[in-house]
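Listed below are the residues making up each chain.
Number of protein chains: 2
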Amino acid sequence: MHATPKTTGPASPGKLLYAQSGGVTAVINATAAAVIETCRKHKVTVYAARNGILGALREDLIDTTKETPAAIRGLAHTPGGAFGSCRVKLKSLEDDRAKYERLIEVFRAHDIRWFLYNGGNDSADTALKLSRLGKTMGYDIRCIGVPKTVDNDLAVTDCCPGFGSVAKYTAVSLRECALDVMSMMDTSTKVFVMEVMGRHAGWIAASAGLAGEGSDDAPHIILFPELEFDPEKFRARVRETVDRVGCCVIAASEGIKYADGKFVADAHAGTDAFGHTQLGGVAPALAGMVRDKLKLKTHWAMPDYLQRSARHIASKTDLDQALAVGKAAVELALAGENAVMPVIARTSDSPYRWKIQTAKLDKIANREKKLPRAFVSKDGFHITAAARKYLSPLIRGEAPPPYDRNGLPEYVTLKNTAVKKKLSVFAM
Amino acid sequence: MHATPKTTGPASPGKLLYAQSGGVTAVINATAAAVIETCRKHKVTVYAARNGILGALREDLIDTTKETPAAIRGLAHTPGGAFGSCRVKLKSLEDDRAKYERLIEVFRAHDIRWFLYNGGNDSADTALKLSRLGKTMGYDIRCIGVPKTVDNDLAVTDCCPGFGSVAKYTAVSLRECALDVMSMMDTSTKVFVMEVMGRHAGWIAASAGLAGEGSDDAPHIILFPELEFDPEKFRARVRETVDRVGCCVIAASEGIKYADGKFVADAHAGTDAFGHTQLGGVAPALAGMVRDKLKLKTHWAMPDYLQRSARHIASKTDLDQALAVGKAAVELALAGENAVMPVIARTSDSPYRWKIQTAKLDKIANREKKLPRAFVSKDGFHITAAARKYLSPLIRGEAPPPYDRNGLPEYVTLKNTAVKKKLSVFAM
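Going down the list, the protein sequences come from chains A and B. For the first sequence, numbering that gives the first Met the number 0 assigns the number 0 to the initial residue and increments by one for each residue that follows. For the second sequence, numbering that gives the first Met the number 0 assigns the number 0 to the initial residue and increments by one for each residue that follows.
Keep in mind that the hints are not guaranteed to be accurate.
The list cannot tell twin chains apart, which means a pair is met if one copy fits it or any two copies do.
[What the hints assert, rightly or not] Heads up, simulated DSSO-like pairs for lysine-lysine below, C-alpha to C-alpha not over 30 Å straight-line:
1) K90 / K296
2) K65 / K134
3) K368 / K40
4) K369 / K419
5) K261 / K292
6) K296 / K88
7) K40 / K88
Derived by calculation from the structure, the hints in this document are not laboratory data.
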């Protein structure tokens, strides 16, 4: 472990502030581990903001130098967000001026010279806004976005750290439960629906398609949020599949919509006999339709957070990329770059090869990369060979965590020692 | 591979019929693999009934001698039921006489002398009835029950093959998603509900308790089907937990009931605005209650079949026991035993040691072993040290399947070659 140099004034090397933002993933902590380890190599102190940008606003900072090298190594195989994350978006400089001034006050008080924001397209927007503080408000801070999202919807980058692992979880789980359904279809469940994340983009739904290879393999139907959901066509396809295969296994994105633009999940929400809200989901809605109209026995699953925190079945490719963007982000910051993000560029499909490139944040902030139509089969119910070529390498390789003698993964909990506050409370 | 001896008449060594019954598990195929491998060692031909007892009634038999040794080895790491299973219960000899006569006809036609039925307490009942055919109907068949159930509710045996793996899946998944919830609780989800299987017995719910060790670790609340569900007490505990810990992670059995005996899941089912059935679950019902009354942001997960087919996170202890009961069942059959089941006896907690013993089927058929009250904490919301001592060894050790170069588990599909029929169709 290195000692933190006591620094004051602009001549000091300054500190690097790292924060996690938005929904967490199975490998965002691997990125955090790479950030901290790379900084340690360069003798740069890393503070982490507790609960994303909120920690910066609240001056609630964590001193990562208090963590042992073993704890940081353990972080690389621990899911969730070790420093806390948040769902908070900064408005424009004009609309949120007090907050930007507060951030500068906090950065100045703690000699923060580099800010690494690990998140999706909203976070890239926040990082972009902060990168302009030097010009607009006279405080020289270098802001680097670090990609992370299970949704795989960031522009420019070939894929997003976090996605490969949720894709692997989805494909493996679907392959497994399809074997279960096929065993029992003669006298039990005929139709099984697995709901997956991805409210606007169908990348996770598409990854379910990797579970099978032959034309009668599960999943038999995939429902993508990019395509309009037609209940008639859906039921006809279910019927036809059950008649041909004996069962029908469906992967459905949480974000599928009717022709009128209404989310299927919302349309089928309601209240129960007690007057309680029915917190719907797409899976129970689809299962209800099939049961009522086709009179077939159904089951459904909704893994929800389990899918994005399933570090035990992480993709090695994904883990490697999560580590690589963390390291690259630090190197970009220390090289004086600003308003950029290290992204993944695919250089070859077979053998799969990739490298880290640098992208400008303004090409990424607030943009959303949806599943290309060419990745969806003509009938709209499956993925194409092009999709397989893209998706397949992202779930390759296993990277299981270590297990303790009781058979549970050894996930680490950091000390998360608070940095002593120097400022008064900021009212938000 | 050995050749099947062509046998006719009572002097032949006969064949062994193996069948899978009821809900499948992550390791029931491991038991099948052990049955087949042990028989091969003893030069006994194994037929498998397609879809459990139905295959026997329909004379739909599978010749396992057509499978390669590699395929049978692969079976040991493949979830689901490779020969198909069923949910069918035979009535008494008086009520179902035609079926029993048909079974004897099929057994006689194919020289079946041993019948191994791999299932839970219903299947033990079927095996027990068949074991009496020798006395009641003059056909000498040796019937051995082979234990299998994720519910862990079989009498006599210390635990049931299939349970340790679903318990491990549950504990690991809960530990993972709790890290996710804790990362986000400041601005997002405060209450998370994970629904688990176990309609009458709380063994799987209890296994969720292994995910945490400290008093503030998740799960913060476990809801067992053996205890009456009191919505007031539940909400008070949720409120108190969120106030103290910042979030509340709940593991709920699908089988929890109100004081009036009504299942919570059924009570909250209904119809949506379209008049479709709402296929409820306990998790959305509980989440709805928390959201409406406590005004807290909730999320919920329902892994459903994913939990019992998750071979990728199987328990090594469970796998070893699934293999051991398969081998023991064949040895019991060949030794001339009848109406028995090989069961697991625990000989030591620490270090954990177990051995196979023989139990009479009439001590197991139709009985149900619920979670002892001593395994549930006084307040009814968690497990005790006694429960941990019992449960912990069952999830120990990892036994991952092999993965292919595309990052997916290499699960096998058998040829399942049908045995040529000798009889006319049986109308059921």
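Compare the structure with the hints numbered earlier in the document and write down the numbers of the violated ones, lowest to highest. 2, 3, 4, 7
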